[in-house]
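Hey, can you work out the whole structure from these sequences and the hints?
Protein chains in written order, with our numbering: chain G, 1011 to 1627; chain E, 33 to 200; chain H, 15 to 118.
No lab work stands behind these hints: they were computed from the structure.
Here the structure is a predicted model, which means the values were calculated and not measured.
Note that beta-carbon positions come from the ideal geometry of N, C-alpha and C, so glycine has one too.
Wrong hints could be hidden among the right ones.
[Stated by the list, open to error] Which residues of chain G face chain H? A partial, calculated answer using Cβ under 10 Å:
| id | residue |
| --- | --- |
| 1 | M1599 |
| 2 | R1600 |
| 3 | W1601 |
| 4 | V1604 |
| 5 | A1607 |
| 6 | F1610 |
| 7 | V1612 |
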Amino acid sequence: MQDFVWLIPLLPLLSAIFLMVFSSKLPSTIVALFGTGSVGLSALLTCNLTWQFLQDPRLITVTLWTWIKVGELNANVGFHIDGLTIVMMMIITCVGFLIHLFSCEFMEDDTSYSRYFAYLNMFVSAMLVLVMSDNLLLLYLGWEGVGVCSYLLVGFWYQHSGNGHAARKAFIVTRIGDTAMMLGLLILFTELGTLDIQSIAASAQARWQTGDFMPTLACLLLLAGAAGKSAQFPLHTWLPDAMAGPTPVSALIHAATMVTAGVYLIARMHGLFTLSPQAMTVIAFIGVGTALMAAFSAAVQTDIKRILAYSTISQIGYMFLALGVGAWTAAVFHLMTHAFFKALLFLGSGAIIHCLHHEHDIFKMGGLWKRMPIAFVSFLIGSSALAALPFTSGFFSKDLILLSAYQLEEFGPLLWAGGLLGALVTALYSFRLVFVVFFGQIQTLPDKENGWRIGLPLSILCILSLVGGYFSLPLNNLFPMERDSHPDAWVEMVSIATPLLGVIVAYILFIRTPSRIPKSLISPQETKFSRILFSGWKLDEIYDRLFVSPYTRSTSVLSHEPVDKLYNAVVLINQKLNAWLSFSQSGRMRWYMVSIAIGFIVLLGIAITIPKGFSQW
Amino acid sequence: MLELALFYIAASVALFATVLAMTRTNAIHALIYLIVSLLAIAVIFFLIGAPFAAALEIVIYAGAIMVLFVFVIMMLNLGEEGDARERQLLQPHIWLGPAILSLVLLVELLYLISTVEGPASSGSVSPKDVGLALFGPYVIAVEIASMLLLSGLVGSYHLGRRFLDRGL
Amino acid sequence: MQELAVPLNHVLFVSTLLFTIGMLGLMIRRNIIFILMSLEVMLNASALAFIAAGAHWGQADGQVIFLLILSIAAAEVAVGLGLVLQIQKRFKTLDMDDANRMRG
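This is how it looks when you write it as structure tokens:
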């Protein structure tokens, strides 16, 4: 079985190439068969691999060929598969397969059906390369590969210029992080002489002391890359706009897999990050800060997909918090459960959008619970998990994170309190979504029924979101020893009670007394504070002022070639001089003769007036 | 004493003839004055002890070169209207400015030369000495002069042949 | 050394005067024949200066240079007169102010 590991990323890639080459000539059933089938086969192979791994948990390393060999640099195309990789691969292939299946129906009417599946397959392949790679260079290849696919899919409906703008924004903002990450890789290579992930951890611990400057710098650069990809403050502004892409794309790329690549990277490089407590603290604060900012922004959004986008940012913030406090397992655990329930929520919203003439505004929905029972159940379960209500999957993972945060010596209670506040707001906005969309007056009637290809993935994800919390991850011995998560009983009680409180508040606001809802929660333009929240804390505007407009202004200045003015002046002076001298070229010999005579007279005059100098010569 | 008198007479003749040559309107007249001037200078050469140079001055300058001028002027066949035109061009407002310039230059040169002292001649330099110098230390100069004359020959042949081919 | 020999500076004065007259002719005449004559006068004046200097030191060098000047004059007149013929043919004039096509 191990010998066929390389088939897992290869199958979607082959399918992608096939679909690209024969794009327009294929009937949609063949496209769907290839697009979904290839990922399905990968999922089956991954399940088989996982089964074997659970029976016999040992590392699998496969080196296919030497990719780049220059001087000391020796990058293989090789795979290193351990528990963390297995978890990621399961998420990518299984959730990916369900989303592909969903897409078959969701995208059925689209004219670019095969282009869509080609991009999606390519994405799955690149993401698998990212998580399976045994060295950072190949990981970076996958990292950029998913970035490209994300760009292509966000701008999938390129006919609207706004979508193209969103795609470019996503690409450029993540590129800032990617550049920092590249610098981090270069530092690691020049300092340690290798890019192999396992040897980096070993040699870093041999070479550096905890808290040294170099590992901190490398960690912060890698963190910038991770923050760009995972949409963390201050590079998170691209994710809400990335919702311009098709909804299943948002589910797969911008919720379940790609945006968690940053979490994966940090978890993968934990050997390096443990050497830098400063970087860990930065990660924790970025995580909790992002979680809070995004949660508040989510609470005032009216576009269903933007709510989910902000909640994704917020949940990844929790993962970063977990990473920052050293709760590696909790981070990966939350990554998995989040992949389940956020994919479920996105696909559920996709199902609603699909039936409601592509309506995105939640206040134009309402009363849908009877009309769309599957979507309702999906949203109910998904929101419960998102809000971390007891016994859903999100409950276990988020609880673990909060308790781990509380036990940190420095800042522990502070981080815990921040996370708790975030959890309260999370519960509030997720049930605001449920109550507004599914209860109250019916505003828009659904015009079609969803078929089994939408229903089946939703059902499976419902089950996963419910029971995902009971999975035990094969992460033993992978991460350093973590703290025993048994703090005081009251802390645990408060952690459990907070989301419930949020749900109750939401219930009171939106069901019991709909007339007394704060205006800011319905139309965010009402108050100044909610306007700031609605615009994502005005960060877009700030970045525009700080970076974009100085850049455009300087380019508009430079487009007039200010430096060339100097050289143009030289040319102008020469031209004037030439005109003047050519005037003296009259063509009259006598005039030339007179000039020579004058020159001669002047020279002799000089010779006479300085007789001493002249005689000395 | 006789030598000194001869020198001043020859110098006066040379200067006077040159001024007249420069101010004639008829080219042939001017040329005759120029030949007179050259002959006078040949006399000065002889007086200051350069008999070989004096002979060359007469033979080549006054003889060969001036005859070349005469031939060309005769080929051009300038008539009376040419004389009138030249006369018109010799008005004071034309020559006054250049004359002042020349005067300034003359004053400067004379001022520089006035410091020179001593006799002009310290015995005669024979043609033998000149020949020894020419083909001794100055042999390169002779080569260069021969090349110059060759190029003059080729150039004038080229220019004159086309003139003759097309006919005047 | 003779008592009443010709003073060197007087010979040079004559040479200078001749040179200046030649240059004046060059500046005021527009007929190319006269221009060439003026050039001959100037060359001759400088030749006189060389001869005088050579004679002053009793050396042959002055006369050697005179020979060089002579060959220059001969070559120059040969080419110059050839040009005169061409100019007369092309422009139907000997006035150098009219033949000013090479102005800048």
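*Which numbered hints fail*: Hint 7 contradicted; others consistent.
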